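*Asks:* Read top to bottom, the protein sequences are chains A and B. Heads up, the first sequence is in the numbering used here, so the first residue is 90 and it goes up one at a time. Heads up, the second sequence is in the numbering used here, so the first residue is 90 and it goes up one at a time.
Source of the hints: derived by calculation from the structure; they are not laboratory data. Treat the hints with caution; some may be incorrect.
As the list claims (entries may be wrong) - Just so you have them, the derived chain B footprint on chain A, three or more residues with Cβ under 8 Å: (1) 316-325; (2) 497-505; (3) 508-520.
To be verified - Here's a subset of chain B near chain A, in silico, CB distances under 8 Å, partners left out: (4) SER191; (5) ARG381; (6) ALA382; (7) THR510; (8) VAL514; (9) SER515.
Computed from a prediction, not measured in an experiment: that's the story for all the values here. Backbone N, C-alpha and C fix where the C-beta goes; we use that ideal spot for every residue, glycine too.
2 protein chains.
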Amino acid sequence: MPEALSLQPSSSPSEVQAIAKAAGRAAAAYAAVSGPDRARFLDRIAERLEELGDELLQTAHRETSLPLPRLQGERGRTCGQLRTFAELIRSETWRDVRIDPSDRDRKPLPKPDLRRTQVPLGPVAVFGASNFPLAFSVPGGDTASALAAGCPVVVKAHPAHPETSRLAADAILGAVADCGMPEGTFGVVWGGRETGEALVTDPNIYAVGFTGSLRGGRALFDLAARRERPIPVFAEMGSVNPVFAMPGAIAARAETLAKGYADSLTLGVGQFCTNPGVLIGLDGPEFEALLRAVAEHLQAATPGTMLYEAIHEAYVAGVQARREHPQLVAHCGGEGTAAALFSVSAKEFLAHPTLQEELFGPSAVAVRCQDADEMRAVADALEGQLTATVHFEPDDTEAVRTLLPSLVRMAGRVVANGFPTGVEVSPAMQHGGPYPATTDSRTTSVGTAAILRFVRPVAFQDFPLELLPEELRAE
Amino acid sequence: MPEALSLQPSSSPSEVQAIAKAAGRAAAAYAAVSGPDRARFLDRIAERLEELGDELLQTAHRETSLPLPRLQGERGRTCGQLRTFAELIRSETWRDVRIDPSDRDRKPLPKPDLRRTQVPLGPVAVFGASNFPLAFSVPGGDTASALAAGCPVVVKAHPAHPETSRLAADAILGAVADCGMPEGTFGVVWGGRETGEALVTDPNIYAVGFTGSLRGGRALFDLAARRERPIPVFAEMGSVNPVFAMPGAIAARAETLAKGYADSLTLGVGQFCTNPGVLIGLDGPEFEALLRAVAEHLQAATPGTMLYEAIHEAYVAGVQARREHPQLVAHCGGEGTAAALFSVSAKEFLAHPTLQEELFGPSAVAVRCQDADEMRAVADALEGQLTATVHFEPDDTEAVRTLLPSLVRMAGRVVANGFPTGVEVSPAMQHGGPYPATTDSRTTSVGTAAILRFVRPVAFQDFPLELLPEELRAE
């Protein structure tokens, strides 16, 4: 993490410890806050963020180079997430309540009354991402879902946008005060790797939410697994999000497909974890024409400014390495942050697993397959992904039916005739996937199901109704 | 693990690899088997186990020393579990299906159609337990829930009951053949630590179910976390299951309480993971009288035979160590497998965390507290537990209301006016708890929710109905 970028001094180990301890002390009181009261708190955070007005957008723009309209959209999404979780927790139905009535006459033993609900895990450490200064940072999805679940949150702000983080943190702390939430319900720590390590190993922390690189996420996962009391790490580490273009789709709408693919690849200068970095098709003149059309669109796109220098340098170096790769054919790209397209035979793609690695930015590798079997072999060789996409027309249906189990095996979301960028915040969203896309494929970091990461079930046996949590008090 | 006990030769590393590979090859085909067909397969396993008749019970009795009536009950439970999961998967409602309809007119971007279901993780390694040769071993709960979820299973049979394991494994393999399930859907490997390590590190394995000791479970967890592709480990590692006796309960029914506690402690020679190993009350003549009554019941109980020699030796050594502990008062026990009761002041209990450690067998530590605050301090100092129990009468209600958050914090199941032994197999059961009771407090290993350990969500975006899994095909 580029600590030098941050003007904010790093939190000392004792500061990290004190903030985690305050979160620990707040845990029981915050867990006892009612759903409607937690909902008002989340709504108030959204209001406070909106009240910051242009200051928040301009600060984020200055720190991230992201265009203002994009940041306006991201603020809308961030506040929308908070309000979505607020709405979710106004009723207790999200807790998967299960009630087994007693049967006192059962033989040989009477059956007890069992009632199961979900309780918060305890304080959660959240690691802000570089590419979403709001929606996946201090006031982002992990913070919203953990607070919704009833867990205090300590965020490690991303060093690339400290002022934005400070504004957002103050908004949340203001909402804590406005709504009378327990002191310690929210905290923020500053710094790089050492700060993060101190936070993840702190005994007051019970879970970790992270969005970032494979290297960073895996390091936190390893650290958390080695604790005396291991804790879960929900790390979303990105992927290459393969797009399969079936022959019928290329024949019917090559131009739309090419433009859609190029738009998705260059959206936000390719700095999305759902960026479609691999395009797979059947070798032949139709696929070659598609690649030519994609390259034309990429060349016509205006290169954007990347988030910060280290990302820019890594992208330039990565594109250069691809240009020098003996098996890759360069179709376009190579200057600065210009979008780049390469292609390779499936045989070589399968022989060189490093070609599967994510290059953060608007660069893609197209894979030419000899036939449907080889296309499926490529699908089966791909590692865990956030998304897998397939473009097809009715005459491709049987081929897709054969390919689909391989897509489901690799990905958390499979997309038909669309593009993976753009992640809905809704109940059916799954933003996750098998390793190395995430460290826990059984969870999502976007959508209302994200709240389930931060709770655990508890069964109450034979308790009188008056002592039960409200959601378990059915007669 | 006592390898010397087993007459069954250990599986070689290449045998383990071959069996895991067969499971890997079966994964896609088995995942595609319909719910009703998987249900018939589970039912057929239960039938096959029952068809083994007395042979299975006598073999288990010979290998484990468990009494025949207990084994008969355990067989009933094992077949009941299989049939409960069969019933669960006849419909697809367990998959937490979520459907977000599209909104093509939404601005600025149309909303896609999103449909989320759960798919199997892949082959699961199951480690049989020593104390339940059927219900938590080869044909046990982990096997039933993983097969129900659509995952092939490879069991490492516990070396303490190889013949029982062989009979059960043959029954399952017979059911695989009877029902035409894919070859490799079920496999079994034999041996001790090395066999287990080979299985957990095999690239074809995607999750681990384990019931046993903290040391064993943690070793598998560490191994799985260090894999290139880490996999989840669901290890249930037992606990001391504290029982809090409130003053009103002691005043109203000391004798029933004493008998109930002694019965629960000595059930199955104390060899249950829900064995109530710690009894907490307010110091004074009433609590002393309760302890005397418990000791009398324990002394009147006939000592049983423990599962095998290593467990017996560990119990005898553990009781001896407690007798020699300077802060413990011995109330009864000390000869062979006789039940043992010790007591200690809360102050000393809090000062000596090793007194919290589980001693497998019918031995308990009673903790004398000076007041309700100290009782709560003891509750707050207890590590993660499978269960926490409180006995109370109406006049204790406010004290229980104050204590209850501490019980919920520590345990997966809280029990009112009962005992923790006896774990229902039902939808609302939670058999799990914070570390060190388990390695994943967000899951259960008993009850129908156990199936959720072995699946992950997948969202389908904009797919035509005909290509969707059946449960997602709603218009």
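*Asks:* Compare the structure with each hint and give your call.
*Replies:* Going through the hints against the structure:
Counting residues of the stretch 316-325 of chain A whose CB lies closer than 8 Å to any CB of chain B gives 3, which reaches the minimum of 3, so the coverage claim holds. Check result for the stretch 497-505 of chain A against chain B: holds, 8 residues qualifying (beta carbon to beta carbon below 8 Å, three or more required). For the stretch 508-520 of chain A, the proposed coverage by chain B is satisfied: 7 residues have a C-beta within less than 8 Å of a C-beta in that chain, meeting the threshold of three. For B/SER191, the suggested interface contact is broken, since its CB lies about 10 Å from the closest CB of chain A, more than 8 Å.
Contact between B/ARG381 and chain A, as hinted, is not supported at the beta carbon level, the nearest pair being about 27 Å apart and thus beyond 8 Å. Look at B/ALA382: its Cβ only gets to about 23 Å from chain A, farther than 8 Å, so that hint breaks. Evaluation of the B/THR510 hint against chain A yields a violated restraint, the C-beta minimum of about 11 Å exceeding 8 Å. A cut of 8 Å between beta carbons decides the hint on B/VAL514: the least distance to chain A is about 10 Å, and the hint is violated.
Checking B/SER515 against chain A by beta carbon gives a least distance of about 5 Å; that is within 8 Å, so the hint holds.
Hint compliance for this structure: hints 4, 5, 6, 7, 8 are not met, and every other hint is.
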